[in-house]
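Chemist: Chain residues, written in single-letter form:
There are 2 protein chains.
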Amino acid sequence: MDVCMRCGTPRKGLELLCKRCGGPFKKVVDFPYDKQVRKNFPYIKRWVTLGELNTPVVSHGNLYFKLDSLNPTGSYKDRGAVTLISFLAEKGINEISEDSSGNAGASIAAYGAAAGMRVKIYVPERSAGIKVEQIEAYGAKVIKVKGTRNDVADAAMKDGAFYASHVLNPEFRDGIRTLSYEIASLRDVKNVFIPISAGTLLLGVYEGFMHLLNSGIVSEVPKLIGVQTKQVSPVCSKLKGINYTPPTQVTSIADALVSTSPVLLEEMVQVLRNYGDCVIVDEDEIKRAWEELAKMGILAEYSSAVSYAGYKKVIPEEKSVIHISGNGLKNLFPA
Amino acid sequence: MDVCMRCGTPRKGLELLCKRCGGPFKKVVDFPYDKQVRKNFPYIKRWVTLGELNTPVVSHGNLYFKLDSLNPTGSYKDRGAVTLISFLAEKGINEISEDSSGNAGASIAAYGAAAGMRVKIYVPERSAGIKVEQIEAYGAKVIKVKGTRNDVADAAMKDGAFYASHVLNPEFRDGIRTLSYEIASLRDVKNVFIPISAGTLLLGVYEGFMHLLNSGIVSEVPKLIGVQTKQVSPVCSKLKGINYTPPTQVTSIADALVSTSPVLLEEMVQVLRNYGDCVIVDEDEIKRAWEELAKMGILAEYSSAVSYAGYKKVIPEEKSVIHISGNGLKNLFPA
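Chains as they are written, first to last, in the numbering used here: chain A, 30 to 364; chain B, 30 to 364.
So that you can see chain A by itself, here it is in the shape it has in the complex (with noise of 0.2 Å):
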């Protein structure tokens, strides 16, 4: 069953906000978590996969590197898009719209084609990069529009096809849930850093380990530590109550943390303010967090690089997961 996340009414068929109050909606978690990990989706019969899930770990000291970049399109949002995907290619559904010039994109049109459905993908008239062609290769559809990122998402709603939006459609967020069961199965874990933008990763996870708590698998939620950029830290500036004004452009070199307004930030508050904490970054920090993981023979995004360049600037005595969300082999520029 799917509800609202904010005033609890069931979602019906496949729509995306609520009517009664335009909030996003939610799957309802309320069965014991299983150890065969597809068993904890019983909305999915026949998964579309593409290889995704157990990303290694690498250790150093009290810390442990969660590389979600070696998944199969090199995001974290695998876990999301064969969700979503293999939910929708059930339901019949063949044709499909989004918009992401990013990992997202990328995700849903691999899945997407693996699927065998028509995929469109919306973005930025300047949209450019490796990203973008990624997202070509996989045989989308990619239509840049003129204006602001929320023309680009109305373009890619108003599409006709069914919009395969990551951030509304709760089987993504849901998919993301894998992640809190590999981190769960390392030892001693106390705190978990990971780059928030949109909310999708911070509410997956936080989703995930509310199931192991519920389910009696684990006795503690470990500190969930939201990273934002300088440039776009809407939800720990709400948290810390700091006076926060998005740039008329983001510019930072972490180019997939761009939500400036996100839909989901009360839920991201929230979380963060029980499980919590958040620490804000900046473009320097994140360099040299970048070159720091490189150096350790971990290519990471600049959108990742956050997590590590937050967890600098807090450094807990105990063990800490540093997500490592997106492979910096798309970051890279040939000269």
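Treat each hint with caution, since some may be false.
Pairs count within a copy or across copies, as identical chains cannot be separated in the list.
[What the hints assert, rightly or not] With a straight-line cut-off of 25 Å between C-alpha atoms, the simulated DSS-like cross-links for lysine-lysine are: (1) Lys348 <-> Lys170; (2) Lys173 <-> Lys219; (3) Lys74 <-> Lys56; (4) Lys56 <-> Lys173; (5) Lys324 <-> Lys170; (6) Lys267 <-> Lys41; (7) Lys324 <-> Lys64.
I should point out that these hints are in silico values taken from the structure, not numbers from a laboratory.
Assemble chain B onto chain A, guided by the hints.
Modeler: Showing chain B alone in chain A's frame:
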């Protein structure tokens, strides 16, 4: 123990060519296979790991796509780099050189960095693209050399640092055995399609299967089918008795397959004669195979799509493994 692949003379220290006949060395694998993978490499006590091995497999009908493209640096070379670098680190070596503008260079750079080594990668003067950027990202020094490919190798060899050649150090090739162990865990595999160039992959996979056969783990070696491009096909040509003249410049989109006169030519031909076959594919066949893979959601390097292109020319009835050797992100160019 290591012995010369040609005359059997034992290797005394860390020399890379047999002093008696000039042949390359191989590790002698004279102990039973152990289910704990690392125990099959008794010369390594401490592993410099980046999360390599156990790469995902995607099934389509009677095909298994083995995604070595999802290794930490994006290619199967990590199987060899992890063994070579771990071994060299134990020997106290802290400065290495290598010649490769491609996946081997990136892999040696990453594992070398992780081991705290100073790494110098020699590349042909006109090298460019994501792979070179990747090598530099790991902190390695990239040194461009004028002249032929052999001049580049000469420069790396004469550098003064330990020459960590992925072709000549037997510990690198030996690491590829892990691929055979993983393939052998799949059911009913009768054919393995792999791209061949310098010989590391083919000869490593062969040694792995020999180990399993001698240990009684498998009762037969699957057919090893090497695939080469029309431009770079010395092995297939020799095996089939076709006259082969290497081009003055390799312009194939399969830009990782450049060994026009491989040192290990004889050894490869021998293996294919006894245990396999060889297929030559042209540029159109590679492009079509690459596209088909991408539309299945598998983003391969062009050089990896070569193995699928080879499969498509044979299409055996029994189960086949298609080895996806490198990540397609490395072949994308931002518009």
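Chemist: Run every hint past the structure and note whether it holds.
Modeler: Hints, verified against the model:
1. Lys348 <-> Lys170: neither (44 Å within a copy, 33 Å between copies)
2. Lys173 <-> Lys219: neither (43 Å within a copy, 46 Å between copies)
3. Lys74 <-> Lys56: This pair counts as within: shortest intra-copy Cα distance 16 Å, inter-copy 47 Å.
4. Lys56 <-> Lys173: neither (32 Å within a copy, 55 Å between copies)
5. Lys324 <-> Lys170: Classified as between: cross-chain Cα gap 12 Å, same-chain 37 Å, threshold 25 Å.
6. Lys267 <-> Lys41: Neither, since 32 Å and 66 Å both go past 25 Å.
7. Lys324 <-> Lys64: neither (36 Å within a copy, 32 Å between copies)
Of the hints listed earlier, those the structure fails to meet are numbers 1, 2, 4, 6, 7, in rising order.
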